[in-house]
Every structure is written in structure tokens, then in C-alpha cells.
Amino acid sequence: MSGIGTGYDLSVSTFSPDGRVFQSEYAQKAVDSSGTVLGMCCKDGVLLAAEKLEISKLLEENSNRRTFPIDKHAGAVVAGVSADGRAIVDRAQGEASNYKSMYGDAIPGSVLADRVASYVHVFNLYWYVRPFGVCTMLASYDHNGPQLFMIDPAGTSHKYYGVAVGKGRQGAKNELSKLKLADMTVKEAMFAAAKIMHQVHDGEKGFELELAIVSDETGRLFKRVGKAELQEVEAAAKAAIEAEDLDMSD
Amino acid sequence: AMATGSGKMKEVLTGTTIMACTYDGGVVLGADSRTSSGNYVANKVADKITKVCDKVYLCRSGSAAHTQAVAGYANLYLNQHAIELGEKGVCVRSAANIVKEIAYTNKQWMNAGMIVAGWDKNEGGQVFVVPMGGTLMEVPFAVGGSGSIYINAFVDKNWKPKMTKSECKAFVRKAVSLAISRDGSSD
Numbered sequence: 005m006s007g008i009g010t011g012y013d014l015s016v017s018t019f020s021p022d023g024r025v026f027q028s029e030y031a032q033k034a035v036d037s038s039g040t041v042l043g044m045c046c047k048d049g050v051l052l053a054a055e056k057l058e059i060s061k062l063l064e065e066n067s068n069r070r071t072f073p074i075d076k077h078a079g080a081v082v083a084g085v086s087a088d089g090r091a092i093v094d095r096a097q098g099e100a101s102n103y104k105s106m107y108g109d110a111i112p113g114s115v116l117a118d119r120v121a122s123y124v125h126v127f128n129l130y131w132y133v134r135p136f137g138v139c140t141m142l143a144s145y146d147h148n149g150p151q152l153f154m155i156d157p158a159g160t161s162h163k164y165y166g167v168a169v170g171k172g173r174q175g176a177k178n179e180l181s182k183l184k185l186a187d188m189t190v191k192e193a194m195f196a197a198a199k200i201m202h203q204v205h206d207g208e209k210g211f212e213l214e215l216a217i218v219s220d221e222t223g224r225l226f227k228r229v230g231k232a233e234l235q236e237v238e239a240a241a242k243a244a245i246e247a248e249d250l251d252m253s254d
Numbered sequence: 182a183m184a185t186g187s188g189k190m191k192e193v194l195t196g197t198t199i200m201a202c203t204y205d206g207g208v209v210l211g212a213d214s215r216t217s218s219g220n221y222v223a224n225k226v227a228d229k230i231t232k233v234c235d236k237v238y239l240c241r242s243g244s245a246a247h248t249q250a251v252a253g254y255a256n257l258y259l260n261q262h263a264i265e266l267g268e269k270g271v272c273v274r275s276a277a278n279i280v281k282e283i284a285y286t287n288k289q290w291m292n293a294g295m296i297v298a299g300w301d302k303n304e305g306g307q308v309f310v311v312p313m314g315g316t317l318m319e320v321p322f323a324v325g326g327s328g329s330i331y332i333n334a335f336v337d338k339n340w341k342p343k344m345t346k347s348e349c350k351a352f353v354r355k356a357v358s359l360a361i362s363r364d365g366s367s368d
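Protein sequence lines correspond, in order, to chains A and B.
Under the working numbering, residue 254 is the last one in the first sequence; the count climbs by one each step, no gaps.
Under the working numbering, residue 368 is the last one in the second sequence; the count climbs by one each step, no gaps.
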């Protein structure tokens with residue numbers, strides 16, 4: 005069968021004539037087709053959200069975690085191949101712990117992002133490994149303030165106010181760009197994130213929303229948002245969506 | 182102490198007085214300048230306060246060779262660390278931690294009592310003491326070296342928090358001078 009990259013896409017250590025590394029691009033596709041994941045950096049903290057698509061009705065609630073603490077002050081959410089994601093989170097936790105042992109201080113967000121990006125990049129260099137099919141979002145809150153970074157499957161790292169990846173990223177990015185994240189609190193962002201997730205969710209199957217935050221309110225500790233608060237936020241978001249729908253249909 | 186018939190040369194030591202003290206806005210470091218090798222003064226004008234990175238210094242006591250090596254390694258690691266951090270400066274705590282790691286990991290072979298003191302943007306002036314054995318402690322002020330025993334009571338009595346820069350300088354000068362006057366290995 006012939007496709008776009010025929011012949012130049014068999015190995016990550018091969019460039020195509022037009023300068024592309026197809027295997028890295030294919031890894032990105034694995035992320036693009038996964039559940040939506042959002043990150044929002046606000047004035048008093050950072051929020052991470054994941055759309056956990058229902059893979060089985062027999063699945064126990066909260067069992068497949070998508071947000072992970074990296075250290076007390078930092079956490080991550082992964083989009084794409086979740087097994088790959090867990091391997092990266094493991095590495096990030098090691099880097100954070102190692103940094104603290106060496107330098108006696110919590111790892112700064114930018115340093116953690118650089119370390120994770122370098123690690124992910126290595127898997128884009130050698131033919132005997134494949135790239136991670138994962139976008140990793142890192143949230144941290146230290147004396148440099150709240151920060152949000154994203155590392156793509158190629159190993160590129162950027163700092164963001166707001167970012168979305170996965171199936172619903174187009175719609176999500178649209179909605180995010182309308183928000184003034186730098187002026188919002190994490191509490192307001194939770195509501196906005198829940199609303200966006202429910203708006204961009206595609207398909208008849210349900211999904212479970214997972215939210216995690218690190219903010220002034222949590223004492224700058226990375227925490228998952230508990231069930232009670234989550235239900236409250238989701239209910240408010242769904243109500244707001246319905247109200248908008250009613251407004252529109254006249 | 183060089184080529185005599187009476188046996189091996191004694192190891193070059195910084196029989197010493199070193200001191201560091203925080204004040205409102207920074208730190209003051211002080212030291213004597215005598216390096217002794219037994220009874221011979223190997224260096225009359227030694228500089229026992231060594232820079233390990235921007236705005237962080239190390240006061241050295243114990244073996245001159247060991248502490249110079251520690252300072253050298255600390256400088257190497259902290260320079261690399263500064264590159265990784267980018268615009269953000271290296272914090273004093275990190276510098277002290279690196280010095281401690283070297284001292285603790287190599288405790289079997291080391292004869293080094295050190296004081297790390299400096300200033301960073303987030304925590305201001307800080308003093309950390311790394312005595313022999315490789316402990317790390319943050320303290321408002323610290324004295325070290327063979328001369329320090331003569332001034333422990335003096336500094337305990339006369340230190341006060343939130344001194345001005347000139348008060349702190351006078352305090353360090355007075356303390357180190359008193360130690361020098363009583364300790365044969367400090368001058």
C-alpha cells in the first residue's frame with residue numbers, strides 16, 4: 005500500500021526528502037486520536053484535565069488514572085498511549101527526586117520540562133526504539149510562580165498559558181483562546197475546563213472527567229480534585245451548557 | 182619544615198578561624214589568613230574565602246588540599262547547574278547541598294570543616310555549616326576552625342538578629358580578631 009511517507013517512514017532514524025521524520029509524526033497521530041487533555045495556567049495556580057473515554061462498562065470508577073504527582077509541587081497529565089505515558093511520568097518523578105537530592109530544592113518547572121523533553125527526544129534518534137506516543141503536560145508551582153509546559157512526542161517543550169491535545173483539541177483551543185487565563189483563578193478555570201470538556205466530547209459513549217490542580221488554595225501542593233468538588237463543578241458546567249443551548253435555539 | 186632529617190612533612194592545614202553571619206539584607210564572611218604546616222607558616226596571606234558560584238562563597242578550614250578540591254568540584258557542578266537554570270540564579274541552599282554531598286560521600290577521606298554563605302533572590306542572605314562528617318545545617322551565624330573554640334561564647338552572647346551591615350561587619354571583625362589573638366594557628 006502506498007501512503008504519504010512510503011519508504012521513508014519505516015524508521016525514526018530516517019529523514020524523508022522533504023526533511024520530515026515520519027515516525028515522529030505518526031507518534032503525534034496516536035495523541036491526536038486519544039481523549040482530550042487540557043492544561044490551564046492561571047494567576048494563582050495550574051489546572052490539568054483529562055477526558056477519560058469509557059472503554060468498558062465494567063471499569064471501576066477512578067481506576068485508570070491519567071494525572072500523576074511528580075513531586076509535591078508538580079504534576080503531570082498524559083495524552084496518547086497511556087502505558088508510554090506512565091513510563092515518562094516515572095522518569096519525571098526520578099528526575100525530580102534526583103534534583104532534590106543533589107540541589108536540596110524542588111525542581112523548577114522549566115528544568116523538569118527540559119529533562120523530560122531530553123528524555124523523550126532520545127527515543128526519536130535511534131532506530132532500535134520507537135518514539136513515545138504521548139503528549140505530556142507538566143504543571144508546577146514554585147517560587148517562579150505557576151507554570152505549565154507541554155512536551156510533544158518529538159521531544160519539543162513549550163511553556164503555555166493554555167493548551168489542548170487529543171480528539172477535541174480544535175474546539176477546546178477555540179474556547180481556551182476566548183478566556184483570559186492570566187486573570188482567572190484556578191477555581192474559575194475548573195468550571196471553564198469542565199464546560200469545554202463536555203462541549204467538545206464527541207460520541208454517544210460517556211466519559212469520566214479527571215481534574216488535578218496545584219494552586220494557592222491547595223497550599224501549592226499538586227492534588228487531584230476530589231469526587232464531591234468534581235461533581236459540583238461538572239453539574240454547574242452542564243447547567244451552563246444547557247442554558248446556552250436554550251439561548252441559542254429561538 | 183621542608184627537607185630536614187626529622188621525617189615527613191606535616192600535612193598543610195588551615196588551622197584557622199572562619200566565620201559567617203547573616204544580617205538584614207545579606208551575609209558577612211570573615212577568616213584569618215594563616216596556612217600552617219605543623220609550626221611552619223606555609224602561607225601568611227591565604228584566602229580562605231572562596232567563590233563557588235555567583236553570590237555564594239565557601240569558608241574553608243581543615244586540610245587546605247581537601248577544601249580546595251571541594252571548592253573546585255562545587256564550582257564545576259554549580260556552573261553546570263547555573264546553565265541549566267538559565268536566568269534564575271543558583272540558590273545558596275543548592276550550593277550548600279552540593280558541598281554537603283561531596284563532603285558526606287567522601288567522609289572517609291576528608292578533613293574539612295566548611296561554611297557556605299551567600300545571597301539569593303528568594304531567601305536573601307543565608308549561612309549553612311558543613312562540619313566534618315558531612316552534616317548540613319542552616320544557621321543564622323557560624324564559626325569554624327581551630328580558633329572558633331575561643332569565640333563560641335563571645336558570638337553566642339553578642340549576636341543579635343537583624344543587624345545592620347556595619348554592625349555585622351564590626352561583629353565579625355571583632356570575633357575573628359579575638360580568635361586570632363588566642364589561637365596560634367590563626368593569624
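No lab work stands behind these hints: they were computed from the structure.
Even glycine gets a Cβ: it sits at the ideal position worked out from N, Cα and C.
One or more hints might be untrue.
Computed list of lysine to any residue pairs in SDA-like fashion (alpha-carbon distance at most 20 Å, straight line) [unchecked claim]:
| # | chain 1 | residue 1 | chain 2 | residue 2 |
| --- | --- | --- | --- | --- |
| 1 | B | K302 | A | A110 |
| 2 | A | K76 | A | K227 |
| 3 | A | K76 | B | N303 |
| 4 | A | K163 | B | R363 |
| 5 | A | K163 | B | D228 |
| 6 | A | K163 | A | N178 |
| 7 | A | K227 | A | G210 |
Listing some non-contacts, in silico: residues in chain A with all C-beta distances to chain B over 12 Å [what the hints assert, rightly or not]:
| # | residue |
| --- | --- |
| 8 | N66 |
| 9 | Y103 |
| 10 | Y164 |
| 11 | K177 |
| 12 | M188 |
key: Numbers of the earlier hints that this structure fails to satisfy, in rising order   = Numbers 4, 5, 7 and 9, in rising order.
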